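Asks: What follows is the residue order along each chain.
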Amino acid sequence: MADYKTLKKAGELMQQCMKCGNCQAVCPLYMETMHEGAVARGKIRLAVDVLEGRLQPTHGLLDKFALCLTCKACEANCPCGVHCVDIILAARAQMAETVGLPMIKQSIFKGLKLRRMLNFGLKTGALFQGVALKRRSEGKGRTMRVSVMGMDVRRVIPDLATTPARDMFEEYNPAHSGKGKMRAAFFTGCVNNFIYTDTCKAIVEVLRANDVDVIIPKAQHCCGAPVFINGDRNIGREMARHNIDVFTAADQKYNLDHIFMACGTCVCSFAEHYPHLLENDPEYQRKAEVLAKKTIDANPLVIKAGGLEKPMGTIERSVTYHDSCHLARGMKVTAEPRQILRSIPGVKFYEMTNPARCCGGAGSFSLTHYDLSKQVTAKKAADISQTGAQTATTGCPGCRMTIEDGLAQAHLAVDTVHPIKLLYESYKLSGVIRD
Amino acid sequence: MSVQQAIREMETLLGKERVLTTIEDLACYAFDATADMPSHRPDAIVLPQTTEEVQAIMRIASKHKTPIYPRGAGTNLSGGTIPLKGGVVVTFQRMNKILEIDAENLTATVQPGVVIQSLNTAVAPYGLIYPPDPGTVSTATMAGSTAECSGGLRGLKYGVTKHYIMGLEVVLANGEKFRCGGKTVKNVTAYDLVKLFTGSEGTLGIITELIVKLIPAPESRKSMLAIFSDLDDAGKAIAGIISAKVIPATLEIMDKTTIQTVESFSHAGLPTDAEAVLLIEVDGIPEVVAKEAESVEEVCKQFKGNVRVAETDKERDQLWAARRAALPALAQKSPTTVLEDATVPRSRIPEMLRAIRQIAKKYDLLIGTFGHAGDGNLHPTILCDERNEEQMKRVHKAVDEIFRVAVDLGGTLSGEHGIGMAKMKYLEWELGATGVDVLRRIKEALDPEYLLNPGKMVAGRN
Ligand SMILES: Cc1cc2nc3c(=O)[nH]c(=O)nc-3n(C[C@H](O)[C@H](O)[C@H](O)COP(=O)(O)OP(=O)(O)OC[C@H]3O[C@@H](n4cnc5c(N)ncnc54)[C@H](O)[C@@H]3O)c2cc1C
Ligand code: SF4
Ligand code: SF4
Ligand code: SF4
Chain C
16 MADYKTLKKA GELMQQCMKC GNCQAVCPLY METMHEGAVA RGKIRLAVDV LEGRLQPTHG
76 LLDKFALCLT CKACEANCPC GVHCVDIILA ARAQMAETVG LPMIKQSIFK GLKLRRMLNF
136 GLKTGALFQG VALKRRSEGK GRTMRVSVMG MDVRRVIPDL ATTPARDMFE EYNPAHSGKG
196 KMRAAFFTGC VNNFIYTDTC KAIVEVLRAN DVDVIIPKAQ HCCGAPVFIN GDRNIGREMA
256 RHNIDVFTAA DQKYNLDHIF MACGTCVCSF AEHYPHLLEN DPEYQRKAEV LAKKTIDANP
316 LVIKAGGLEK PMGTIERSVT YHDSCHLARG MKVTAEPRQI LRSIPGVKFY EMTNPARCCG
376 GAGSFSLTHY DLSKQVTAKK AADISQTGAQ TATTGCPGCR MTIEDGLAQA HLAVDTVHPI
436 KLLYESYKLS GVIRD
Chain F
12 MSVQQAIREM ETLLGKERVL TTIEDLACYA FDATADMPSH RPDAIVLPQT TEEVQAIMRI
72 ASKHKTPIYP RGAGTNLSGG TIPLKGGVVV TFQRMNKILE IDAENLTATV QPGVVIQSLN
132 TAVAPYGLIY PPDPGTVSTA TMAGSTAECS GGLRGLKYGV TKHYIMGLEV VLANGEKFRC
192 GGKTVKNVTA YDLVKLFTGS EGTLGIITEL IVKLIPAPES RKSMLAIFSD LDDAGKAIAG
252 IISAKVIPAT LEIMDKTTIQ TVESFSHAGL PTDAEAVLLI EVDGIPEVVA KEAESVEEVC
312 KQFKGNVRVA ETDKERDQLW AARRAALPAL AQKSPTTVLE DATVPRSRIP EMLRAIRQIA
372 KKYDLLIGTF GHAGDGNLHP TILCDERNEE QMKRVHKAVD EIFRVAVDLG GTLSGEHGIG
432 MAKMKYLEWE LGATGVDVLR RIKEALDPEY LLNPGKMVAG RN
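Just so you know, the protein sequences line up as chains C and F, in that order.
Each residue of the first sequence is one higher than the last, beginning at 16 in this note's numbering.
Each residue of the second sequence is one higher than the last, beginning at 12 in this note's numbering.
Hints listed in this document are in silico derivations from the structure and should not be mistaken for laboratory results.
Heads up, some of the hints might be wrong.
[What the hints assert, rightly or not] Ranges between beta-carbon positions, derived for each pair:
| hint | chain 1 | residue 1 | chain 2 | residue 2 | range |
| --- | --- | --- | --- | --- | --- |
| 1 | F | Lys27 | C | Thr113 | 20 to 30 Å |
| 2 | F | Arg335 | C | Thr113 | 36 to 46 Å |
| 3 | C | Thr113 | F | Gly26 | 25 to 35 Å |
| 4 | F | Ala228 | C | Gly446 | 52 to 62 Å |
| 5 | C | Lys363 | F | Pro356 | 51 to 61 Å |
| 6 | F | Leu110 | C | Thr73 | 40 to 50 Å |
| 7 | F | Arg335 | C | Gly446 | 45 to 55 Å |
| 8 | F | Gln329 | C | Arg301 | 33 to 43 Å |
| 9 | F | Leu207 | C | Gly403 | 49 to 59 Å |
Predicted, not measured: the structure shown is a model, and the values here were computed from it.
We put the beta carbon where it would ideally sit given N, CA and C, even for glycine.
Model the full assembly from the supplied sequences, consistent with the hints where possible.
Replies: Structure below.
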C-alpha cells in the first residue's frame with residue numbers, strides 16, 4: 016500500500032499496468048456502463064495523461080476518478096499486481112487539491128469533521144426523522160420526503176437509532192466473568208453507532224461472555240474514510256489524528272491487546288490508511304503504526320477469544336454471507352465470518368455466486384451516483400435471493416445499508432444482520448448470555 | 012467541421028448518453044493493449060445497440076467522410092483499435108446478447124459484443140464448448156476476436172477462430188448490410204465471404220451478428236511438464252510427439268529467460284537452469300487420454316526430457332499458472348513489454364529460438380520467448396522502457412530482424428495478433444508487392460473512401 020502519495024509518486028505504479036484490460040472482467044462499474052473510463056485501465060490512463068501533461072485537472076476529470084467503488088476487484092484480477100486503487104486515490108487527492116471538491120461534498124465533509132455537530136445532528140435527526148423521511152408501508156426503513164445531503168429520494172435508508180450505540184455502554188465494560196483475559200477497544204464507526212446498534216450490542220456482549228474487557232472510548236469520531244477516499248486529505252488527516260489521540264490514550268490507560276471494528280472500511284482506516292495518510296508527520300505516523308498492529312476485525316477477534324467453543328443454542332435458519340470489499344480484499348477476512356456462521360447449530364449456510372463482488376455502496380459513491388450504484392446493488396440482491404437464504408449477513412454496516420436498500424427495491428423479504436448477531440442469539444438460547 | 016456535424020447527427024440518432032465526447036472520455040479510447048504505439052484521441056465514441064443503428068452510423072459517416080473505428084474490448088496487440096486519424100470509435104459492448112444456442116445444429120448465434128467466456132459459460136450446460144481461447148477469453152469480444160482471427164492455447168488441435176465462424180451479418184461502409192454463411196456445415200455458395208471478413212481487422216465492414224460452431228466438451232484431460240537442458244532436444248520432442256500421432260490440445264514452450272523470470276515472480280518450482288520447458292495437455296476420451304499421455308511421456312524421455320505429470324486438478328492448475336504467469340512476469344520486469352507473434356513451421360522452432368537469442372545479444376536487449384510451440388507460434392517479448400529513446404531504436408531494429416528471420420524460415424508475420432498498424436510495413440516481405448496490391452484492391456472495392464479503420468493493415472494510395 017502506498018496510497019495518498021502524490022500522483023507523481025504513484026507514477027511508478029502506473030508504469031506496471033500493461034493495458035491488458037483484464038480488469039474489465041471484474042469491475043462492477045464497467046459491467047454497468049461499458050465505458051473504458053469506468054474501469055481501472057482507463058482511469059490509470061487518465062492519471063498517466065495528467066502526469067504527462069496531456070490532460071488538465073478539472074472537475075470533469077475528478078468526476079472520472081470519482082467513478083470507482085474502491086472495491087479492489089481489479090487489483091485481485093490484475094496479472095501484474097497493479098495497485099489500481101492507490102493510483103485512483105492519489106489522482107482524486109491531487110485533483111481535489113488542485114481544483115477543489117464540488118461544493119456539496121465540501122459541505123458534507125466539513126460537517127463530518129465536527130464531531131459534536133455530527134453527533135448532535137444525527138441524534139436530533141433520530142428524533143425528527145419522521146418529519147423528513149416517509150416510513151415505508153412495507154418492511155423497514157424510510158424513503159426521503161426531501162433530498163437530504165444530496166441523497167436520492169428513492170433510496171430506502173434505515174432508521175436512525177434513538178440511542179446511539181456508544182451511549183448504550185460505559186467506557187469500561189468488564190468481562191461477564193469479572194476475570195478479563197484480554198482487553199479490546201471498540202471503534203464503532205458511525206454507521207454502527209447511529210444505525211446498527213444491534214451489531215454493537217451483540218459484539219460487545221459476545222466478547223464479554225468470552226472473558227474480554229471491552230473499552231469504548233467516548234471521544235472517538237468518524238474514521239474519516241469518506242473524506243480522504245474522496246480526495247480531501249487535509250480534513251482526513253485531522254480526523255485521523257483525533258482518533259489516534261483517543262485510542263493512544265485508551266491504550267495507555269488500559270494496555271489494550273486489540274482495537275476492533277465491525278466495519279470493513281473503519282478497520283482498513285486504522286490498519287492501513289492512517290499510517291500512509293500521516294507519512295509526513297513522523298510522530299503521528301509512529302502512533303498510527305502502533306495502533307495498526309493492534310487492529311483487528313470483530314469476526315477473527317471473537318474466534319480468537321474462544322467464541323466458538325461456548326455452548327450454543329440452535330437457530331434454524333438459512334443464511335448467506337456477503338464479503339465486504341474492504342474486509343475481503345483489504346483485510347483478507349473471508350474465512351472467519353463463515354466459520355462463525357457454520358458453527359452455529361441449525362444454521363444452513365448457502366454461498367451466493369460472487370460473494371465478494373462489490374454491493375455497489377462504497378460509502379458516498381451511492382450518494383453521488385445513485386443510479387449506477389443501484390444497478391450494481393440489484394445484481395447483489397438477485398444473487399442473495401437465488402440462494403433462497405432467509406438471512407443475508409455481512410461484516411460491514413456500509414454494505415448492509417446498501418443491501419437493505421437493494422432488497423427493498425426488489426421487494427425481497429430477506430433479513431440482514433452481522434454474523435456475530437446470530438452467534439449472540441445462539442448464546443442467548445444456550446444461556447451463555449442472559450438479558 | 013464535418014466531423015462535428017457527423018457527431019451531432021449521431022447524437023440525434025442515439026441520444027447524448029450513448030455518444031461520448033468529453034475530453035476525459037476521448038482520452039480513454041486513445042489506446043489499446045498494444046505497447047509502444049502512437050496514441051490518438053478520437054472525436055467521439057458511440058455505443059450502438061442494434062444493427063439498424065450501426066447502419067445509420069455508417070450512413071452518417073459516409074455522408075461526412077468520417078473515419079470509423081470498430082472496437083470490442085480493446086485488447087488487441089497490433090494497435091488495431093487506435094483511432095489514428097481521428098473520427099469516431101464505435102464500441103460494441105452494449106450489443107452483447109447471445110441470441111440463440113442451437114444444440115441440435117451445434118451452433119450459437121451471438122451479437123458482436125458478447126465476451127468469449129460468457130458464450131462458453133452459456134453453452135457449458137449443453138456439454139459444449141467454443142474452443143478459441145486467447146489469453147483474454149474473459150474480456151475479448153466475439154467480433155473483436157473474429158476480426159482479429161484470434162488463436163490461443165488450443166490452436167494445435169482445435170484450430171483458431173476462423174475454423175468456428177460459420178456465418179456473419181456485416182454492415183458495409185455505405186451502411187448497407189448483408190449476410191453470408193449460415194448454420195450448415197457445408198456451404199460453398201460463391202466466394203467464401205465469411206473467411207474474408209474473419210481476420211479483416213475492422214477494415215472491410217462491421218460485424219453485427221455471428222453464427223459460430225460449437226463442439227462437445229472433451230471428457231477428460233491430462234497435463235504434464237517436460238524440462239530440457241538442450242534446446243534441440245526440446246525441438247526434437249515437439250516433432251517426436253506429432254510423429255507419434257498424438258495431437259495435444261496444447262503444446263507450449265518457454266525459453267530460459269522466461270523460465271527464470273516466471274520463477275522469480277511466482278516461485279512455481281521451475282528449474283532455472285533449464286534451456287526450455289514444454290507444457291503439454293492431451294484431452295478427449297479417458298482411455299485415449301491415458302494412452303496419449305503415455306506416448307508423450309515416452310517421447311519426452313527419449314529426448315532427455317525430465318517429465319512431471321500433474322496427477323490432480325491442483326497440480327494441473329499449478330502447471331498452467333506458471334504458463335499464464337509468463338507474460339505478466341515478463342511485463343513486471345520493465346515498464347514496456349513489446350510482444351510479437353512471429354510464427355514459423357513447427358520444425359523450425361529451435362532455429363527460430365536461437366535466432367531470437369542472437370538478436371537479443373546483438374542489440375543488447377532482454378528478450379523472453381514463450382508461446383504455442385505446437386503450432387510454431389512464438390511470442391518473443393522484449394523488455395524495455397519506451398521513455399528510453401536510444402533503447403527503443405535498438406528494439407525496433409530487433410523487431411525488424413525477428414520478422415525477417417521468421418519470413419525467411421518459411422513462417423509468417425503474425426500467427427494470431429493481426430497486422431493492425433504495428434506490422435503494416437513488413438507486409439511486402441511476406442506477400443510481395445502484388446499481394447499487397449491485392450489487399451488494396453479488395454479494400455477499395457468495399458471501402459473506397461478508407462472510412463473503416465483507416466491506417467490499419469492496408470495503406471492508402473496517398
Ligand atoms: C494479455 C493478453 C493476452 C492475449 N492472448 C492472446 C492469445 O493467446 N491469442 C490471440 O490470438 N490473441 C491474444 N491477445 C490479443 C487479443 O486479446 C485478441 O486480439 C482479442 O481477440 C481482441 O478482442 P477485442 O474484443 O479486445 O477486440 P479489439 O481489440 O477491440 O478489436 C480488435 C480488432 O477487431 C476490430 N473489431 C472489433 N469489433 C468489430 C466489429 N464489430 N466488426 C468489425 N471489426 C471489429 C477492431 O477494429 C480491431 O481491428 C492477447 C491480448 C492480451 C492483452
Ligand atoms: S490494471 Fe492490471 S488488469 Fe487492468 S489493464 Fe492494467 S495490468 Fe491489466
Ligand atoms: S476498485 Fe472496483 S470499481 Fe474501482 S476500478 Fe477497481 S474494480 Fe472498478
Ligand atoms: S468507514 Fe464508514 S462507518 Fe466507518 S467510521 Fe468511517 S464513515 Fe463511519
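Asks: Run through the hints listed earlier and report the numbers of any the structure violates, in increasing order.
Replies: none
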